[in-house]
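Novice: Chain residues, written in single-letter form:
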Amino acid sequence: MDITFDHVSYTYQANTPMAGVGLDDVSVTIHGGAYTAIIGHTGSGKSTLLQHLNALLKPTSGTVRIGERMITPSTSNKNLHPLRKKVGMVFQFAESQLFAATVREDVAFGPRNFGVSAEDADALAVQMVARVGLPEDVLDRSPFDLSGGQMRRVAIAGVLAMQPEVLVLDEPTAGLDPAGRREMMALFAKLHADGQTIVLVTHQMDDVADFADDVLVMDQGKVVRQGHPKEIFQDAQWLLDHQLGLPRTTQFALRLQQKGFKFDHLPLTTPELAQMLAEQLGGARHE
Amino acid sequence: MADDIITVEHLRYTYQDAQVAALDDVSLRVPRGTWVSVIGHNGSGKSTLAKNILGLLEPDAGVINVDGMVLSEETVWDIRSRVGIVFQNPENQFVGATVADDVAFGLENHAVPREEMLTRVDDALNAVRMREFANREPAHLSGGQKQRVAIAGVVAQQPQIIILDEATSMLDPAGRKEILALIRELKDRLGLTVLSITHDLDEAAGSDQLIVLDDGHVVETGKPSQIFAHGTSLVAHGLDVPYSQQLRGELGKLGIEIPGDYYDDEGLVDYLWTLRSTM
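These protein sequence lines are chains Z and F, in that order. With the working numbering, letter number 278 in the first sequence gets 278, and the count goes up by one each step, no holes. With the working numbering, letter number 74 in the second sequence gets 74, and the count goes up by one each step, no holes.
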């Protein structure tokens, strides 16, 4: 399922003196099956764009097509329900939204709300808890007795239980420790490998370089660039000018370049940089 | 030792109903005026350690000494007045209706006279460059601004020691850099001691001393360069390996062995350039 923005603008508190631009003439397609990263500094419009992906916000002008469904400024708020099932949102610090007495009930709550029978919802809960890498014995425990990282997994299982076609992740690794972050990113990579469409909002450029196959760069409510991470991170100075970071490897390669090394393109990953260096330094060993 | 502002000796702490001690035979020293980082994965015992030092938790065994006082029921309030703590999530620590009220809250609790309080709040907000926000509602600030207000609240109490409990882990990269630079500036200007609890190696890299905790034990202590030199053991403790060490590992796989213990980014750039120049 593709999500296509066609000349979408969104104004906060329109027709008041407080009016502010959230999105400004955005035309972009998020492709079904892709792993799309959205980057941009705080206030660039990332969250506003996210909220259009399942019609939590409707455009002030322009249209958003979510699969077969067209959202326009005049779309009624009725019948948006099915969209919320198709596009699953994992918000920042998603664990703060857990509420049920057991993990099982919490994860089954979403599907129950969409009319799935108690029995099927429970089966989904069991399946999704396993999919996010939690042991089966957490099912009947209180989510509040789990560690922070485990609680976040439960929240993600709850979204997956609605079997969304698109999984939207807003800073899903914020606050996790390094091991927790690695495990979480491995989980999303596995979901993507199994066919899940993923939209990731992040400040972690290493994750963009390692996992995304499409990147949207936002600035002042506009999508200012779209492309593969390899293309986006080539223009390092432009990203730095837009207050965006670079993958660690790209930063390091830039420092080497300033020193005098020559690269025909900037590398994104450590093995890639090591290979490029080995080609330039290989002779040193034979002296 | 006279110069250690915090000493912990053979500290053990077990949470109620827990089978295993959260901290077991932990000993450490924090020299006055230094920046010491305690690093470890979530659940390694870092925050439990901070809570024991503040007397928020009562140890099963061991002795804690802060600024020359042995921690006990008699000294706990005196000790707390010398230690300020900045927590991970600024949302959870706001109580005031305005930024200035919030900074004043701690002082009211310590019965500071009003005139002095006004001066201290103003100075503290000035120090964190948030003076123009004094009458704003904390709820409308960005994450980095909120954390600056929380730091102002600590600075206003004029502590000897600041404990950072993952104080930058919820901020974006720019906000994180800004807060660390601010704390460093305050530390140097006010002669503070910083005890930072973190799993961010970039933050830890600037410390005078690192203490690695895992499963409630101190597993390594040393300067960042010493600890980072054996990078793979950090992964075993649930942490990251500094980038320069990762790259060395990859180069090693391709037959380029780099001698020596540890290079930071700059050191490694220089080394590689020298290597290339001698070809």
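Hints in this document: simulated from the structure, not taken from any laboratory. By construction, the Cβ of each residue, glycine as well, lies at the ideal position given by its N, Cα and C atoms. A hint or two may mislead.
Not close to chain F: a few residues of chain Z, all C-beta gaps over 10 Å, as computed [said to hold, decoys possible]:
no.	residue
1	Ser27
2	Thr29
3	Asp177
Quick list of simulated restraints, FRET-style, between CB atoms [said to hold, decoys possible]:
no.	chain 1	residue 1	chain 2	residue 2	range
4	Z	Thr75	F	Gly206	33 to 41 Å
5	F	Glu220	Z	Ala101	38 to 46 Å
6	F	Asn135	Z	Met70	41 to 49 Å
Novice: All hints are to be evaluated individually against the structure, with a verdict given for each.
Specialist: To see whether the hints hold, each was checked on the structure:
1. Ser27: Given a closest Cβ separation of 27 Å, the condition holds.
2. Thr29: Per Cβ check, Thr29(Z) is outside 10 Å of chain F; nearest 27 Å; holds.
3. Asp177: violated (4 Å)
4. Thr75(Z) to Gly206(F): 33 to 41 Å: violated (52 Å)
5. Glu220(F) to Ala101(Z): 38 to 46 Å: Holds: the Cβ-Cβ distance is about 41 Å, inside 38 to 46 Å.
6. Asn135(F) to Met70(Z): 41 to 49 Å: The hint (41 to 49 Å, Cβ to Cβ) holds, given that Asn135(F) and Met70(Z) are roughly 46 Å apart.
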